[in-house]
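Participant: Each protein sequence line maps, in turn, to chains U and Y. According to this note's numbering, the stretch in the first sequence is residues 11 to 346, in order. According to this note's numbering, the stretch in the second sequence is residues 11 to 346, in order.
Warning: the hint list may mix true and false statements.
Pairs involving identical chains hold if they fit within one copy or between any two copies, as the list cannot separate such chains.
[Claimed, not checked] Straight-line Cα separation of at most 30 Å, DSS-like style, residue types lysine-lysine; simulated pairs:
#: 1; residue 1: 252; residue 2: 90
#: 2; residue 1: 343; residue 2: 204
#: 3; residue 1: 153; residue 2: 252
#: 4; residue 1: 103; residue 2: 204
#: 5; residue 1: 206; residue 2: 252
#: 6; residue 1: 154; residue 2: 90
#: 7; residue 1: 343; residue 2: 103
#: 8; residue 1: 206; residue 2: 343
#: 9; residue 1: 204; residue 2: 252
#: 10; residue 1: 103; residue 2: 206
#: 11; residue 1: 153; residue 2: 343
#: 12; residue 1: 154; residue 2: 206
None of these hints come from the bench; they were simulated from the model.
What follows is each chain in one-letter form.
Protein chains: 2
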Amino acid sequence: MQELRQDPVTGRRVIIAPGRALRPSDFRDPDTRPDFADKSGSCPFCEGSEGLTPPEILALRPPPSPANSPSWLVRVVPNKYPALSPEGDIERKTEGIFESIGGWGTHEVIIESPGHDQTFATMTEGQIGRVFQTFRSRILDLKKDPRLQYILIFKNHGYAAGATLRHPHSQLLAMPVVPSEVSRELQWAESYFKLKEHCLFCDMLQQEVAAGTRMIDRNEDFVALAPYASRFPFEARILPRKHESAFENMPAASLENLARSVKRLMAKLDSALALPASNLVIHTAPLGEAPLDYYHWHIEVMPRLSKIGGFELGSGIYINPMPPEEAARRLRKAVV
Amino acid sequence: MQELRQDPVTGRRVIIAPGRALRPSDFRDPDTRPDFADKSGSCPFCEGSEGLTPPEILALRPPPSPANSPSWLVRVVPNKYPALSPEGDIERKTEGIFESIGGWGTHEVIIESPGHDQTFATMTEGQIGRVFQTFRSRILDLKKDPRLQYILIFKNHGYAAGATLRHPHSQLLAMPVVPSEVSRELQWAESYFKLKEHCLFCDMLQQEVAAGTRMIDRNEDFVALAPYASRFPFEARILPRKHESAFENMPAASLENLARSVKRLMAKLDSALALPASNLVIHTAPLGEAPLDYYHWHIEVMPRLSKIGGFELGSGIYINPMPPEEAARRLRKAVV
Numbered sequence: 011m012q013e014l015r016q017d018p019v020t021g022r023r024v025i026i027a028p029g030r031a032l033r034p035s036d037f038r039d040p041d042t043r044p045d046f047a048d049k050s051g052s053c054p055f056c057e058g059s060e061g062l063t064p065p066e067i068l069a070l071r072p073p074p075s076p077a078n079s080p081s082w083l084v085r086v087v088p089n090k091y092p093a094l095s096p097e098g099d100i101e102r103k104t105e106g107i108f109e110s111i112g113g114w115g116t117h118e119v120i121i122e123s124p125g126h127d128q129t130f131a132t133m134t135e136g137q138i139g140r141v142f143q144t145f146r147s148r149i150l151d152l153k154k155d156p157r158l159q160y161i162l163i164f165k166n167h168g169y170a171a172g173a174t175l176r177h178p179h180s181q182l183l184a185m186p187v188v189p190s191e192v193s194r195e196l197q198w199a200e201s202y203f204k205l206k207e208h209c210l211f212c213d214m215l216q217q218e219v220a221a222g223t224r225m226i227d228r229n230e231d232f233v234a235l236a237p238y239a240s241r242f243p244f245e246a247r248i249l250p251r252k253h254e255s256a257f258e259n260m261p262a263a264s265l266e267n268l269a270r271s272v273k274r275l276m277a278k279l280d281s282a283l284a285l286p287a288s289n290l291v292i293h294t295a296p297l298g299e300a301p302l303d304y305y306h307w308h309i310e311v312m313p314r315l316s317k318i319g320g321f322e323l324g325s326g327i328y329i330n331p332m333p334p335e336e337a338a339r340r341l342r343k344a345v346v
Numbered sequence: 011m012q013e014l015r016q017d018p019v020t021g022r023r024v025i026i027a028p029g030r031a032l033r034p035s036d037f038r039d040p041d042t043r044p045d046f047a048d049k050s051g052s053c054p055f056c057e058g059s060e061g062l063t064p065p066e067i068l069a070l071r072p073p074p075s076p077a078n079s080p081s082w083l084v085r086v087v088p089n090k091y092p093a094l095s096p097e098g099d100i101e102r103k104t105e106g107i108f109e110s111i112g113g114w115g116t117h118e119v120i121i122e123s124p125g126h127d128q129t130f131a132t133m134t135e136g137q138i139g140r141v142f143q144t145f146r147s148r149i150l151d152l153k154k155d156p157r158l159q160y161i162l163i164f165k166n167h168g169y170a171a172g173a174t175l176r177h178p179h180s181q182l183l184a185m186p187v188v189p190s191e192v193s194r195e196l197q198w199a200e201s202y203f204k205l206k207e208h209c210l211f212c213d214m215l216q217q218e219v220a221a222g223t224r225m226i227d228r229n230e231d232f233v234a235l236a237p238y239a240s241r242f243p244f245e246a247r248i249l250p251r252k253h254e255s256a257f258e259n260m261p262a263a264s265l266e267n268l269a270r271s272v273k274r275l276m277a278k279l280d281s282a283l284a285l286p287a288s289n290l291v292i293h294t295a296p297l298g299e300a301p302l303d304y305y306h307w308h309i310e311v312m313p314r315l316s317k318i319g320g321f322e323l324g325s326g327i328y329i330n331p332m333p334p335e336e337a338a339r340r341l342r343k344a345v346v
C-alpha cells in the first residue's frame with residue numbers, strides 16, 4: 011500500500027507507491043545508456059588531449075611531469091562553458107519586483123582518471139581516494155576567498171543523468187550563495203538539534219544501523235543506506251559514522267574507507283541495475299562556518315532510472331515505486 | 011554574462027548562463043521524441059478501447075451515450091497504477107525519527123481527446139475548453155471531501171517529460187497535504203502582500219505587460235510570459251489578468267480565452283522548438299481556503315529540452331542557458 015513519507019533531513023515528502031513498481035529490469039530506461047559518447051578519439055579529457063581543455067588548475071602527477079602534459083592521475087580544469095565565472099561580479103541588480111546578482115563564481119571539472127571508460131565501480135580504491143583527495147584540495151584552496159559561501163561537488167554519470175561526456179569526471183561549482191537544498195537541510199537539522207540536543211544525522215545513523223532494514227553497506231568509518239524517504243528507486247546516502255559537518259575536515263585516515271564505501275556502492279548499483287545512469291552530490295556545511303554540532307556532511311547517490319515528470323516539478327513531491335527497504339535488500343545481496 | 015536570478019514567486023534561484031547556450035535546434039534532445047508509443051492499436055485511451063481502463067468517473071458525451079462506450083469527447087478514469095489510493099488511510103505512523111502518513115488520495119487520468127495523435131497544439135480551442143472544463147468539474151466534485159487539502163493537475167507530454175503513453179492525457183492527484191512547491195509560493199506571496207498590500211502576481215503582470223520583454227502572448231483574459239527566473243529553456247507561465255486565487259472559480263466566460271491562450275502557446279513551442287516534450291501544471295490555492303487576496307492561480311509550462319542533473323538535484327538551483335527575454339522574443343515571432 012502507498013505511503014506518504016517525510017524525509018527528516020529536508021522535510022521533503024515522497025510517495026512510496028509499490029503498486030507502481032516494475033521489475034528491476036523494467037526500470038532500465040533506454041536513455042540510461044552510458045555509451046552515448048564520442049568514439050572518434052577526440053575526447054578532451056583523455057590523456058594526450060590536454061591541449062583541448064583550458065590550462066589545468068591542479069593535477070596529481072607522480073612522478074612529476076610538466077603541467078598540461080600527459081602522465082597525470084587526476085586533473086582539474088576550468089569548465090569551458092561555465093555556469094558561474096570569476097569574471098562576473100556579485101553586484102545586486104533590481105528590475106521592478108525582480109532581483110538578481112551577477113553570476114560570479116567558479117566552475118571546475120575534475121577529470122577522475124586518464125581512462126576513458128573507467129567509473130567509480132571499476133576504478134581502484136586508490137584512484138577513488140585520489141579523486142576525493144582532489145575535491146578536498148580544491149575546497150581548501152577556494153575557501154580562502156571570503157566571498158564564496160558554498161562549494162557544491164557533483165557528478166553526472168550517463169546520459170539520463172545529464173552527462174554530455176562519457177570520460178569520468180565530476181564538477182565543482184563555487185558560489186556566493188548557499189543553495190536552497192542545503193539551506194533546507196541546515197534548517198531542519200538545526201531545529202532538530204534545538205529540540206533534542208543531538209545531531210539529527212547521528213541519531214538517524216544509530217537508528218538505521220540498529221534496525222538494519224535500510225542498510226546497504228558499512229565499514230569502520232562509513233555507512234551506506236537507502237534513505238527512508240528515497241526520491242528515486244535505489245537512492246543511497248553515504249554518511250561518515252563519526253560526527254563531522256564539513257567534508258574537507260574529514261580525517262585523512264578515513265579517505266581509504268570512503269573510497270571503499272563509494273566503490274562498493276557503485277559496483278552494487280551496477281550489478282543490481284545493469285549500469286544505471288546516476289548523479290552523486292556531496293552535501294557539506296557552508297564555507298566559513300565553524301564546525302556545526304547539528305550538521306553532518308554526506309554523499310547522495312541518485313540512480314536515474316525514471317523520469318522527473320510534471321507531478322514532481324509541480325509539487326516538489328517525488329513518486330517512488332521502489333520501497334527503500336526492498337532496494338536496500340537487493341543492494342545488500344548484490345555481489346561485487 | 012551569467013546572472014543569478016531569484017524567482018519572486020518561490021524565492022527559487024536560477025543561473026541564467028547564456029555562455030552555455032546552444033542554437034535552438036541543438037536544444038533538441040533525442041529523448042524528446044514523442045513517437046515512443048505503442049502503434050499496435052492496443053492504446054487503452056483510444057475510442058473503442060474503453061474496456062481497457064477502469065470504469066469511467068466522468069465523460070463528456072454529447073449526444074448522450076452509455077458509460078464506457080465509444081462516442082465521448084473527454085473521459086476521466088481512475089489511474090490503473092495509482093500513486094495515492096482511496097483505499098488507503100491517512101493514519102500517521104512513526105518509526106523512530108521517521109514519520110509517514112498513509113497514501114490516501116485519488117489519482118485520475120483525464121483522456122483529453124478520442125484522437126490518439128492530438129496535442130494541445132493541434133486540438134480545436136473548443137476541445138481544449140472541454141478539457142479545462144473537465145478539470146474544473148473534477149475539482150468541484152472532489153473538494154467536497156474535507157480531508158483533501160490539494161488537487162494537482164499536471165500533464166506529461168512526450169517521453170523526456172515522463173509520459174508513458176502517447177495518447178493525449180492529463181492527470182489529477184488529490185492529496186491530504188499541500189505540496190511543498192505550492193506552500194512555497196503561498197509563503198512568498200503572503201509575505202509580499204503583507205509588505206505591499208498588493209498581490210505579487212498582479213504586480214508582476216502589470217510590470218511584465220508594460221515592459222514587454224518577457225511577454226509571449228496575451229488576450230483579453232490571459233497573459234503568457236517567460237518567467238524572469240525561468241528554470242528551463244522556453245519555460246512559460248499563463249496567468250489570468252484578473253485576480254483569482256482558485257482555478258475552479260474562474261468565470262465560465264474566460265474558458266474560451268484560456269483555451270486560446272493554451273493552444274497558441276503550445277503551437278508556438280511546437281513551431282519554435284520542433285515538437286518538444288513538455289510538462290504542464292496548474293498551481294491553484296489549496297482546497298477549503300476562502301478566496302485569497304495574495305495568491306493568483308496560474309499554469310506553468312516546462313519544455314524538457316535539457317536534462318535535470320546532479321547540480322539541480324543537489325542544490326535546488328537550475329542552470330538555464332536560454333535567457334527568458336530571448337525565449338520570449340523567439341516565441342513572440344513564432345508563426346502559428
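Participant: Within, between, both or neither: how does the pair residue 153, residue 343 come out at a Cα-Cα threshold of 30 Å?
Facilitator: This pair counts as neither: shortest intra-copy Cα distance 41 Å, inter-copy 46 Å.
Participant: With identical chains, the pair residue 343 and residue 204 could be close in the same copy or across copies; at 30 Å between alpha carbons, which is it: within, between, both, or neither?
Facilitator: neither (38 Å within a copy, 55 Å between copies)
Participant: Regarding residue 153 and residue 252, is the shortest C-alpha distance of 30 Å or less found within a copy, between copies, in both, or in neither?
Facilitator: within (23 Å within a copy, 49 Å between copies)
Participant: Using 30 Å as the alpha-carbon threshold, which applies to residue 343 and residue 103: within, between, both, or neither?
Facilitator: So residue 343 and residue 103 pass the 30 Å test across copies only (28 Å; inside, 54 Å).
Participant: With identical chains treated as interchangeable, where does the CA-CA distance between residue 206 and residue 252 reach 30 Å or less: within a copy, between copies, both, or neither?
Facilitator: within (18 Å within a copy, 48 Å between copies)
Participant: As a check of your reading, is residue 103 near residue 206 (CA-CA no more than 30 Å) within one copy, between copies, both or neither?
Facilitator: Between copies, since 20 Å is at most 30 Å while 41 Å is not.
Participant: For residue 154 and residue 206, with the copy left unspecified, which applies at a CA distance of at most 30 Å: within, between, both, or neither?
Facilitator: So residue 154 and residue 206 fail the 30 Å test inside a copy (34 Å) and across (40 Å) alike.
Participant: When no copy is named, should residue 103 and residue 204 be tagged within, between, both, or neither for a Cα gap of at most 30 Å?
Facilitator: between (36 Å within a copy, 23 Å between copies)
Participant: Please sort residue 154 with residue 90 into within, between, both or neither, judging by C-alpha distance up to 30 Å.
Facilitator: The answer is within: 23 Å in one copy meets 30 Å, while 55 Å across copies does not.
Participant: When no copy is named, should residue 252 and residue 90 be tagged within, between, both, or neither for a Cα gap of at most 30 Å?
Facilitator: Classified as neither: same-chain Cα gap 38 Å, cross-chain 46 Å, threshold 30 Å.
Participant: Using 30 Å as the alpha-carbon threshold, which applies to residue 204 and residue 252: within, between, both, or neither?
Facilitator: The answer is within: 20 Å in one copy meets 30 Å, while 45 Å across copies does not.
Participant: At 30 Å max between alpha carbons, let me know whether residue 206 reaches residue 343 within a copy, between copies, both or neither.
Facilitator: This pair counts as neither: shortest intra-copy Cα distance 35 Å, inter-copy 58 Å.
Taken one by one, the earlier hints fail for this structure at numbers 1, 2, 8, 11 and 12, listed in ascending order.
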